[in-house]
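Protein chains: 2
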Amino acid sequence: TLCLSRVWSMYNQLTYYCKRIRKELDNTVDFWLKYSHDTTHGGFFTCIGRDGKVYDELKYVWLQGRQVWMYCRLYRTMERFHKPEILEAAKAGGAFLRKFARVSGGSGGPWKCAFCLTRDGKALKVQRTVFSECFYIMAMDELSRVTGDKDMQLEAEQMMEQVIYWVRVDSSSLGRPQLPGEVPTNSMAVPMMLLCLVQQLTEGRGQEAAQKYGDLASWCVQQILQHIQRDGTAILENVSLEGAELPGCQGRLQNPGHALEAGWFLLQVSGEQQDEELQRTAINKFVELPYQDGWDKEHGGLFYFLDVDGHCPTQLEWNMKLWWPHCEALIAFLMAYNQTKKPQLLERFSQVYEYTFSHFPDAKSGEWFGYLTQEGKVALDFKGGPFKGKNIIAIHEISHNFPLDALKAYAG
Amino acid sequence: TLCLSRVWSMYNQLTYYCKRIRKELDNTVDFWLKYSHDTTHGGFFTCIGRDGKVYDELKYVWLQGRQVWMYCRLYRTMERFHKPEILEAAKAGGAFLRKFARVSGGSGGPWKCAFCLTRDGKALKVQRTVFSECFYIMAMDELSRVTGDKDMQLEAEQMMEQVIYWVRVDSSSLGRPQLPGEVPTNSMAVPMMLLCLVQQLTEGRGQEAAQKYGDLASWCVQQILQHIQRDGTAILENVSLEGAELPGCQGRLQNPGHALEAGWFLLQVSGEQQDEELQRTAINKFVELPYQDGWDKEHGGLFYFLDVDGHCPTQLEWNMKLWWPHCEALIAFLMAYNQTKKPQLLERFSQVYEYTFSHFPDAKSGEWFGYLTQEGKVALDFKGGPFKGKNIIAIHEISHNFPLDALKAYAG
Numbered sequence: 001t002l003c004l005s006r007v008w009s010m011y012n013q014l015t016y017y018c019k020r021i022r023k024e025l026d027n028t029v030d031f032w033l034k035y036s037h038d039t040t041h042g043g044f045f046t047c048i049g050r051d052g053k054v055y056d057e058l059k060y061v062w063l064q065g066r067q068v069w070m071y072c073r074l075y076r077t078m079e080r081f082h083k084p085e086i087l088e089a090a091k092a093g094g095a096f097l098r099k100f101a102r103v104s105g106g107s108g109g110p111w112k113c114a115f116c117l118t119r120d121g122k123a124l125k126v127q128r129t130v131f132s133e134c135f136y137i138m139a140m141d142e143l144s145r146v147t148g149d150k151d152m153q154l155e156a157e158q159m160m161e162q163v164i165y166w167v168r169v170d171s172s173s174l175g176r177p178q179l180p181g182e183v184p185t186n187s188m189a190v191p192m193m194l195l196c197l198v199q200q201l202t203e204g205r206g207q208e209a210a211q212k213y214g215d216l217a218s219w220c221v222q223q224i225l226q227h228i229q230r231d232g233t234a235i236l237e238n239v240s241l242e243g244a245e246l247p248g249c250q251g252r253l254q255n256p257g258h259a260l261e262a263g264w265f266l267l268q269v270s271g272e273q274q275d276e277e278l279q280r281t282a283i284n285k286f287v288e289l290p291y292q293d294g295w296d297k298e299h300g301g302l303f304y305f306l307d308v309d310g311h312c313p314t315q316l317e318w319n320m321k322l323w324w325p326h327c328e329a330l331i332a333f334l335m336a337y338n339q340t341k342k343p344q345l346l347e348r349f350s351q352v353y354e355y356t357f358s359h360f361p362d363a364k365s366g367e368w369f370g371y372l373t374q375e376g377k378v379a380l381d382f383k384g385g386p387f388k389g390k391n392i393i394a395i396h397e398i399s400h401n402f403p404l405d406a407l408k409a410y411a412g
Numbered sequence: 001t002l003c004l005s006r007v008w009s010m011y012n013q014l015t016y017y018c019k020r021i022r023k024e025l026d027n028t029v030d031f032w033l034k035y036s037h038d039t040t041h042g043g044f045f046t047c048i049g050r051d052g053k054v055y056d057e058l059k060y061v062w063l064q065g066r067q068v069w070m071y072c073r074l075y076r077t078m079e080r081f082h083k084p085e086i087l088e089a090a091k092a093g094g095a096f097l098r099k100f101a102r103v104s105g106g107s108g109g110p111w112k113c114a115f116c117l118t119r120d121g122k123a124l125k126v127q128r129t130v131f132s133e134c135f136y137i138m139a140m141d142e143l144s145r146v147t148g149d150k151d152m153q154l155e156a157e158q159m160m161e162q163v164i165y166w167v168r169v170d171s172s173s174l175g176r177p178q179l180p181g182e183v184p185t186n187s188m189a190v191p192m193m194l195l196c197l198v199q200q201l202t203e204g205r206g207q208e209a210a211q212k213y214g215d216l217a218s219w220c221v222q223q224i225l226q227h228i229q230r231d232g233t234a235i236l237e238n239v240s241l242e243g244a245e246l247p248g249c250q251g252r253l254q255n256p257g258h259a260l261e262a263g264w265f266l267l268q269v270s271g272e273q274q275d276e277e278l279q280r281t282a283i284n285k286f287v288e289l290p291y292q293d294g295w296d297k298e299h300g301g302l303f304y305f306l307d308v309d310g311h312c313p314t315q316l317e318w319n320m321k322l323w324w325p326h327c328e329a330l331i332a333f334l335m336a337y338n339q340t341k342k343p344q345l346l347e348r349f350s351q352v353y354e355y356t357f358s359h360f361p362d363a364k365s366g367e368w369f370g371y372l373t374q375e376g377k378v379a380l381d382f383k384g385g386p387f388k389g390k391n392i393i394a395i396h397e398i399s400h401n402f403p404l405d406a407l408k409a410y411a412g
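Those sequence lines, one after another, are chains P and X. Using UniProt numbering, the first residue of the first sequence is number 1, and each one after it goes up by one. Using UniProt numbering, the first residue of the second sequence is number 1, and each one after it goes up by one.
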């Protein structure tokens, strides 16, 4: 147990963190409201330079979907963002997505979502994966919650059925030919993303929705748990469908940010279901372990990729420090603390916080840098790019998990 | 004009460079002879760690093709490598490629080459581009030259017809769906690669071969020259089919290593055709300009990617220093000197040499590192990876261009 003075000092420190995070969230929302809206063609610019200037007019669909989701979520759940301009921006983004994101799969195949669109909505690139569709679902479902549009909710659920079919039944209509040397793989990203969607589609919708996706949720949890390998000493990013380690680089690959993200997804489940064993597994294996292995002892920060046997990863960016794994770590430790009240989890949060907030925010122009060198220098200075959008998705989650009340009660 | 003492000092310096390069070539050939041969399944391991250990058994087809080509070229053109073990290794690699690299395009489509094979030759990944096929052609043609196998030469030429069809007539059977937002693009890599293949297929084969591919060669040169943009002040990596600048990041992208490589491909043509205007363009636009723009004034070395307007490229690896652009620069400056005898071109060679040889070779285990941080620290320490094979392709070209004889004659 903690002595009272330590609780107070922690409380003061967390009060400071909380204020800072609140400020970052406000600044970041301002940044995107100010610079990203395309009032001519609708939708959002996603390639935004350090100072807010659009450096490419392409519109990446993952980021369109996330921004719609984010605006709606802020509008719906945080009073100070319950403003007409945010709702209107979300609706405009949703209309653009709905009008342009879906492209025909060709030859009677199902509809796919594009990965990238031109400014006026023409499809430029389609990936043979399910992630554009997933972010489309996130956007449509959350938008339907603030507008009450039942058709839109239905559309999200129909797209969800398609994604489930691709993932669990037959992926051939994604367009990727099956090759004889390929080993069917359970990639962490897929069950993680689906679990996140289940949480989106069932939140606050009672027993019926929970039942509808209950089997899928269990399957996702079980698929995620298969990534615990090497007698529980490592999380590996890719495993076989039977949950065995795969040969070579692919099999040895670790992505600490992904593992931490999976960790807090599992903690959401363990919290809802009051499943203590799952909670323990989530914290020990998906939060503590990737943090221990993924943290750079020399320069601080989480590596992007690692090889469990210590070989050099083949990804050129393996040693870079990206904003999002740090956001995932902050959320994961805070959520883990909220569920367990173990002070060492707050200390970890504090360590990650110090690195994150001293390296990623851009004091000059607002928002965060996304990509640092191993040594912590800014390597790419844009605020939005093909894979980087608003970091407030993460900040928002942090705000919601912030255990100030809990601590206050504890300190009494 | 140079004073005699300066010529002598340059001669001495170049003699030293030449010896060092010869030594690197020997060491590097030894490295691959020792560590890369798969005597069980045939072909070459391509994922080889710092100390020669295979860290992944996958066999990347570009590198299989290049290694066959390299062994044959060394065997055929350099006396000290005219050894049975090198010929045998080349033949074994060629047999593996011929047996396993080609995969059916499906539904009666043409044969494609895989991008990546399992150790025992099962296709694991097929790219929807022409490059695997190009390296297959390089390998088969060069192997046919040392073995005298006319069927193999014919096979190379047939594959070449397929590649030409994809590039110049109809690319739809590559499997990439045409999307409404896509702008047909002239990417530097394609005409460069094809020009290289023309040189491979016509070398020493007289008028008939030159005529067969003459139109293609002119087309390649013209396509490459379209990349001179902004009133001759920049080489851009992607332009429209009409040779206009494209919008956004894609249009502003620069790849200095590619431009330098295109430079010496053009110099080969200008040398053969005694085309002084092409020579001037090649040197001024494709060698000097990318060197000036691409050289990192702070830390030395050539950047991987740049944006012509100074925006931050979106490629996470943009500021890394890769081995191959430096090899291309060395070859380009040496070839430019050989054709013009302008001493400042040798000085440039010397500058690139100093950076290259003080950063990339691994004094401990032989061969070169491939990937450095902007500051010149080794970022990935393997010797072979999905895109990195034997750097001796470049060293070999350097040896052949080495102007010692010219200088000697000059110095008297």
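Hints in this document: simulated from the structure, not taken from any laboratory. Some hints here could point you the wrong way.
Note that identical chains are pooled: a pair holds if it fits in a single copy or bridges any two copies.
[Said to hold, decoys possible] Once the Cα atoms are required to be at most 20 Å apart in a straight line, the calculated SDA-like pairs of lysine to any residue come out as:
#1 377 to 298
#2 297 to 402
#3 53 to 307
#4 91 to 275
#5 150 to 131
#6 377 to 300
#7 364 to 381
#8 377 to 316
Each hint tested on the structure:
Taking the shortest Cα distances, residue 377 and residue 298 sit within 20 Å of each other both inside one copy (14 Å) and across copies (15 Å). Proximity of residue 297 and residue 402 under a CA criterion of 20 Å is satisfied in neither setting, with 27 Å inside one chain copy and 46 Å between copies. Taking the shortest Cα distances, residue 53 and residue 307 sit within 20 Å of each other only across copies (15 Å), while inside one copy they are farther apart (37 Å). Within a single copy, residue 91 and residue 275 get their C-alpha atoms no closer than 38 Å, and across copies no closer than 61 Å, so neither meets the 20 Å cut-off.
In this homomeric assembly, residue 150 and residue 131 never come within 20 Å of each other (Cα to Cα): the closest approach is 23 Å inside a single copy and 49 Å across copies. With identical chains, the CA atoms of residue 377 and residue 300 are at most 20 Å apart both within one copy (12 Å) and between copies (18 Å). Proximity of residue 364 to residue 381 under the C-alpha cut-off of 20 Å is restricted to the intra-copy arrangement: shortest distance 12 Å within a copy versus 36 Å between copies. With identical chains, the CA atoms of residue 377 and residue 316 are at most 20 Å apart both within one copy (17 Å) and between copies (13 Å).
Hint violations for this structure: numbers 2, 4, 5, all remaining hints satisfied.
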